[in-house]
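**Student:** Taking the hints into account, I'd like the entire structure generated from these sequences.
Protein chains: 2
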Amino acid sequence: MTTTRKIPTGISARHVHVSQEHLELLFGPGHKLTSIKALTQPGQFAADERVTLVGPKGVIQKVRILGPVRKATQVEISRTDCYALGVASPVRESGDIKGTPGIVIIGPYGPVKIEQGVIVAKRHIHFTPEDAKEFGVTDGQKVMVKTEGERPLIFDDVVARVREDFALDLHLDTDEANAAGLNQGDMVTILDDAATSAIRRA
Amino acid sequence: MTTTRKIPTGISARHVHVSQEHLELLFGPGHKLTSIKALTQPGQFAADERVTLVGPKGVIQKVRILGPVRKATQVEISRTDCYALGVASPVRESGDIKGTPGIVIIGPYGPVKIEQGVIVAKRHIHFTPEDAKEFGVTDGQKVMVKTEGERPLIFDDVVARVREDFALDLHLDTDEANAAGLNQGDMVTILDDAATSAIRRA
Chain P
74 MTTTRKIPTG ISARHVHVSQ EHLELLFGPG HKLTSIKALT QPGQFAADER VTLVGPKGVI
134 QKVRILGPVR KATQVEISRT DCYALGVASP VRESGDIKGT PGIVIIGPYG PVKIEQGVIV
194 AKRHIHFTPE DAKEFGVTDG QKVMVKTEGE RPLIFDDVVA RVREDFALDL HLDTDEANAA
254 GLNQGDMVTI LDDAATSAIR RA
Chain A
74 MTTTRKIPTG ISARHVHVSQ EHLELLFGPG HKLTSIKALT QPGQFAADER VTLVGPKGVI
134 QKVRILGPVR KATQVEISRT DCYALGVASP VRESGDIKGT PGIVIIGPYG PVKIEQGVIV
194 AKRHIHFTPE DAKEFGVTDG QKVMVKTEGE RPLIFDDVVA RVREDFALDL HLDTDEANAA
254 GLNQGDMVTI LDDAATSAIR RA
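Residue numbers (this note's numbering), protein chains in the order written: chain P, 74 to 275; chain A, 74 to 275.
Treat the hints as calculated values from the structure; they're not laboratory data.
No experiment lies behind these values; they were computed from the predicted model shown.
Any given hint could be a false lead.
Identical copies go unnamed one by one, so any copy, or any two together, can satisfy a pair.
Straight-line alpha carbon distances no greater than 20 Å define the calculated EDC-like cross-link-like pairs of lysine to aspartate or glutamate that follow [unchecked claim]: (1) Lys219 - Asp265; (2) Lys206 - Glu223; (3) Lys79 - Asp212; (4) Lys171 - Glu223; (5) Lys195 - Glu223; (6) Lys171 - Asp266; (7) Lys110 - Glu207; (8) Lys219 - Asp230.
**Tutor:** Rendered as structure tokens:
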């Protein structure tokens with residue numbers, strides 16, 4: 074650690090990434106996503122389009138699609154949502170969907186049943202290469218993150234992800250943010266080596 | 074810390090404690106709670122009776138009552154539930170309900186509107202005096218707790234509660250358990266002084 078700089082928290086509510094093929098099955102032939110709000114990560118946006126998730130045990134309505142479209146459809150939900158839907162999703166990094174559960178997604182034009190792609194997102198920090206250098210971390214490294222919300226805690230096993238088109242941001246899901254009492258934009262700290270080592274030894 | 078003993082996790086789903094007066098408004102005159110399962114803490118039980126919570130933004134059905142009846146009605150929900158219901162409850166210790174939000178509770182006999190009593194439970198560990206001595210903690214002390222679930226983390230600000238009629242148990246709500254990837258009965262550790270001090274310094 075070479076900096077005392079803090080990192081803002083971005084809280085991801087449940088959302089869906091869709092392929093163009095699935096988008097058209099859900100919203101009709103030729104449909105294009107409508108951006109209503111740019112997200113922190115460059116080029117990413119919240120779309121106006123929302124869908125319904127139907128699992129074996131429950132239904133969640135009004136789940137927002139995030140754009141742009143991707144190669145593979147991916148549904149990111151919290152562990153709380155897993156219980157509500159009856160879907161036993163593992164904690165995975167985005168894109169790592171092999172062997173994960175599927176689900177039924179319903180749009181105004183029609184339904185899609187995906188065979189895999191429902192994950193609980195693994196917490197991570199986005200760094201530009203310059204930020205990574207400043208924080209002394211490399212792509213894929215696991216760090217500990219100290220929070221100072223209403224319910225302070227230290228997240229272990231937070232993956233550093235370094236890419237030119239990223240913006241500095243700790244990504245948590247709603248269970249994690251709620252457990253820490255964190256709100257969007259709250260600042261957190263990467264734990265220093267001395268504290269990290271002391272925890273590993275404990 | 075004088076022990077290497079671990080502590081089991083007890084996960085509290087949303088629930089309601091009721092006064093006898095409110096129980097009768099919800100389930101009818103003279104109604105008594107029906108125990109269907111003893112809880113870890115001696116004398117406490119899950120009741121057969123369930124109610125509906127109605128907040129300004131949403132409704133949650135089938136919320137279980139825990140017995141026995143208490144002097145004051147208290148509703149314990151997660152932060153996730155707060156958003157679903159539209160109720161801005163603070164994190165509080167059980168019984169500390171002054172100034173907290175109210176809610177409408179509906180039973181098969183009728184509704185009750187409570188003026189206060191909806192809290193998000195503050196995480197805590199129950200100790201007998203003997204266990205407290207073994208762990209080297211005193212009533213009201215704040216400790217850090219290290220978890221080893223699918224999503225490891227360290228909970229700071231965990232209150233030790235010591236009473237003769239308690240059983241050793243870390244009480245978390247569902248947001249906290251889900252953020253840590255913990256299941257009922259998973260074992261956790263109180264962090265030693267060296268690691269705790271290193272985190273405080275960081």
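**Student:** Now, for every hint given, state plainly whether the structure supports it.
**Tutor:** Verification of the hints:
1. For the homomeric pair Lys219 and Asp265, the shortest alpha-carbon distances inside one copy (10 Å) and between copies (17 Å) are both at most 20 Å.
2. Proximity of Lys206 to Glu223 under the C-alpha cut-off of 20 Å is found in neither arrangement, the shortest distances being 31 Å within a copy and 29 Å between copies.
3. Within a single copy, Lys79 and Asp212 get their C-alpha atoms as close as 18 Å, which meets the 20 Å cut-off; across copies the closest is 34 Å, which misses it.
4. For a Cα distance limit of 20 Å, the shortest separation of Lys171 from Glu223 across copies, 18 Å, qualifies, whereas the shortest one inside one copy, 37 Å, does not.
5. In this homomeric assembly, Lys195 and Glu223 come within 20 Å of each other (Cα to Cα) only across copies, at 10 Å, whereas the closest approach inside a single copy is 22 Å.
6. Proximity of Lys171 to Asp266 under the C-alpha cut-off of 20 Å is found in neither arrangement, the shortest distances being 34 Å within a copy and 42 Å between copies.
7. Taking identical chains as interchangeable, the C-alpha atoms of Lys110 and Glu207 are never at most 20 Å apart, the minima being 29 Å within one chain and 54 Å between chains.
8. Proximity of Lys219 to Asp230 under the C-alpha cut-off of 20 Å is found in both arrangements, the shortest distances being 12 Å within a copy and 13 Å between copies.
Checked against the numbered hints above, the structure breaks hints 2, 6, 7 and satisfies the rest.
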